[in-house]
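Chemist: Here are the chains, one letter per residue:
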Amino acid sequence: MFSYVARRILQSIPILLIVLTLVFIVVRVLPGDPAVAALGDYASKEAVNALREKMGLNAPLWRQYLQFIGDIGRGDLGTSIITGYPVAKQVAAVLPHTLLLTISAIILGYLIGVPLGISAAVRRNSFVDYFNRVFSLLGLSVPAFYLGILLILLFSIKIPLFPVVGAGEFSNLKDLLRHLFLPALTLGLLMTAYITRMSRSSILNILGEDYVRTAHAKGVAENRVLYKHVLRNALIPIVALGGLYAVVLIGSSVMVEIVFSRPGLGTLLVGAIKQRDYTTLQSVMIIYTVIVVLINLLTDLIYGLVDPRIKYD
Amino acid sequence: MKKKHIICLAMAVFLMVCWSAADAAQPKLAKEQILNIAFDAGDLKTLDPHQAASTNDRSAVDPVHNGLVRYPPGDQVKLEPDLATSWKVSSDKKVWTFSLRKGVYFHPFPGFPKGYELTAEDVVYSLTRAADPKRSSYAGEYTGISFEAVDPYTVKITIDKPVSEPLFLAKFASYAGGFIVSKKAIETKGDEWIKINPVGTGPFMFDSYEPRQKIALKANPKYFRGAPILKQVVIRFMPAVASREFGLRTGELHIIEGLKEDKWAETVASFPDVVVKTFGPCESQVLHFNMAKPPFNDVRVRKAFSYAVSREEVAAFMGKGLAVPIYSPAQAPPAPGALTKEEAQKAGVIYENNIAEAKKLLAEAGYPDGLKIEVIISEMASSYQKPMIAIQAQVKKAGIDMALKVVDHSSFHSLIRDDASPIVYYASWRPNVDVFLTRFYHSDSVVKTGKKPDTNFTHYGAVDADGDGNVDSIDDLITKARWELDASKQAAIWREAQIQLLKHAAVVPIIRLKYNFPMKSYVDLGHPLEFSWATYSPQITEKTRILAK
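So the sequence lines, in the order shown, correspond to chains A and B. Heads up: the first sequence begins at 1 in the working numbering, then just goes up one per residue. Heads up: the second sequence begins at 1 in the working numbering, then just goes up one per residue.
FYI, nobody ran anything at the bench for these hints, they're computed from the structure. Where hints are given, some of them may not hold.
As the list claims (entries may be wrong) - Calculated pairs, DSSO-like style, for lysine-lysine (alpha carbon to alpha carbon, straight line, at most 27 angstroms):
| no. | chain 1 | residue 1 | chain 2 | residue 2 |
| --- | --- | --- | --- | --- |
| 1 | A | 274 | B | 397 |
| 2 | A | 54 | B | 386 |
| 3 | B | 451 | A | 54 |
| 4 | A | 174 | B | 293 |
| 5 | B | 277 | A | 158 |
| 6 | A | 158 | B | 549 |
| 7 | A | 54 | B | 134 |
| 8 | B | 451 | A | 274 |
| 9 | B | 386 | B | 397 |
Claimed, not checked - The following label-pair restraints were derived from C-beta to C-beta distances:
| no. | chain 1 | residue 1 | chain 2 | residue 2 | range |
| --- | --- | --- | --- | --- | --- |
| 10 | A | 10 | B | 34 | 32 to 40 angstroms |
| 11 | A | 29 | B | 190 | 28 to 36 angstroms |
| 12 | B | 34 | A | 204 | 51 to 59 angstroms |
| 13 | A | 115 | B | 385 | 41 to 49 angstroms |
| 14 | A | 60 | B | 266 | 51 to 59 angstroms |
Every residue gets a Cβ at the ideal spot worked out from N, C-alpha and C, and that includes glycine.
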């Protein structure tokens, strides 16, 4: 297992390098000067040039690239070229919020989605099945930001239960959870829609298997068939694909963070793009790439744990 | 009961009634005096006051610093003492001597836990720094000016060539380069540190910064005008207008930066406990023709375009409560020297909407079937896209097919400085007409090719504007006005320069768009809100408070 993990990590290094190079190029090809973005249109040409010099933007591109790769290799994410604030500190401040939001959404997705999928599969072609299918279709169709706005209108404006600005403080659990609930529900419902469909489909496949019919024929209780024989096997692809959908959630979390004005990697990324903050932008892309690689690796490992037929060495 | 006792009792009752009435007249304050303001911004750029330019940066920097003089909050026309208590000028108007207020303290910072008293040394250091083009965006204001600390509470400022009092004092107002920073803080901690840790003498001190989220300021109990009523001011970065609206509705936000749209303002004004504050002086939105290239190198084409545009229609399209037509290619009235409608009309440079005349001129210029152009504009809806969409529809009637290429705001500023667009629609504010004329119409300021390239998109001063074979320029008028000591004569020269620009149809002034800042009705700014050009937002002072609901 260890050698498998090590191999996967080593394989991800070229992927990282490609992503870094692409981001480096794309960001610099875009029109827009970070120094002008920082100082505004009122600034004189001298002030802009002085800032460009300070930002290292007047150095040849190849030197900027090597500097950048060298810094990343040393684990130095650099400082914001706009504010001078260390990028590592920025990421450290917001990453926990993004992870908290995404993990909460995944948990909600499974907690609600799996039972809904089961009920839809077991009561196939009934009202419950149709309702669940329509619900999951809506969930997959509705954009995250729109759903977030609807939830705000209902649970913050009409019925003022939850706040809409910020993420609360980690030192105050109650405040943190109150700020987390609506954004997590927004993303969680999207995850739920996906998991419901996957669960229903997976369970229906298993229900048609010979060993399930044999179990029924032997007179095994319905619940025992469902939870001991069907679910265990149906969960394998649900877990695997759910893990991959988590990557989609990370992307959707950007919109949710903006709607709810939460700190997170998403707002960091969007802000860096708007300000042409090359260092922050490049470093956040690295973090995202690492997260995607880790999620894929974790999904494979969990798959191996859930399915005894799979061995990694 | 004895008569004496009855009288005493009556007096006591009377006093109690008076006291209760007085108490009732005093509005009650909210228990929590923490003001939350949200701006349309992703993050701060810098809190160094000598470089801060964006609305949210200036709004954070303003309550932290003072200048030698200041414009009273909310009504920024006349100047009053700030860090300086008085000043006098020599007979040749070259030497200004400022007496400083005693007992003014800089905010605490590492190494100076109690701050320290401001002296002339700090003022001289600060102004010298503001004059350094490598450290200040506003260095151009201080060319030919030197600073000297005569004694701890006296500063002498010498100017090579005297200017009028309003122009001179504006350089030392609590704004931009005029903000006084701490010498000790910058010398011990450095310029980079100050970018996110400003140290000033203002009513509020910098407390904390969370990247992409917020800046927190806390009250300065030692402020020389009195301790603030507010305990904290939190400035939040919230680029999504819907999020700002929600925050205002729930009460988590007290003031938000609004859209410059009438309909939006009407909707927001209907929220419970919300009032929409609309105020000036606004950015002037002016359309600049690139006269260095066809088709706008031909004055007939420019005049045709001008006749095709109706600024009144654009103003109506943007919203009557927000947009006002302008006729000045520089600062809009009531700024001294700004061209009014009446003055423009008298000079015959208004080009009232006339499609037939526009078509006739285009035909004379060799475009009988109209012409096609592609113009680069910024993504910003209120200040750029919307008015240009209105203008696009107007000029189409004259046969001008103007395609709009929308780019993000940062790219827009780069591209137009690269001379990439035949027309530049630009929204801006500058502190006075001199700065406007210099930066937009002096030959030195021509984009890319000028001696000091800036925002002269028309290339005025470097091209033949009227087709007589000679280069047209207002450089001499700009210089003459700058050194004119009589304010009314100065204003007259400025007007002459603007009339010349309009005679050559170098630009078309369109509208000015007021700022929209919805706020909770129980927020009392502590001052009127007519003009707020220093920050483009409601200024927060020691008198600002949150009343009980």
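Chemist: Which hint numbers doesn't this structure obey?
Modeler: 1, 2, 4, 8, 10
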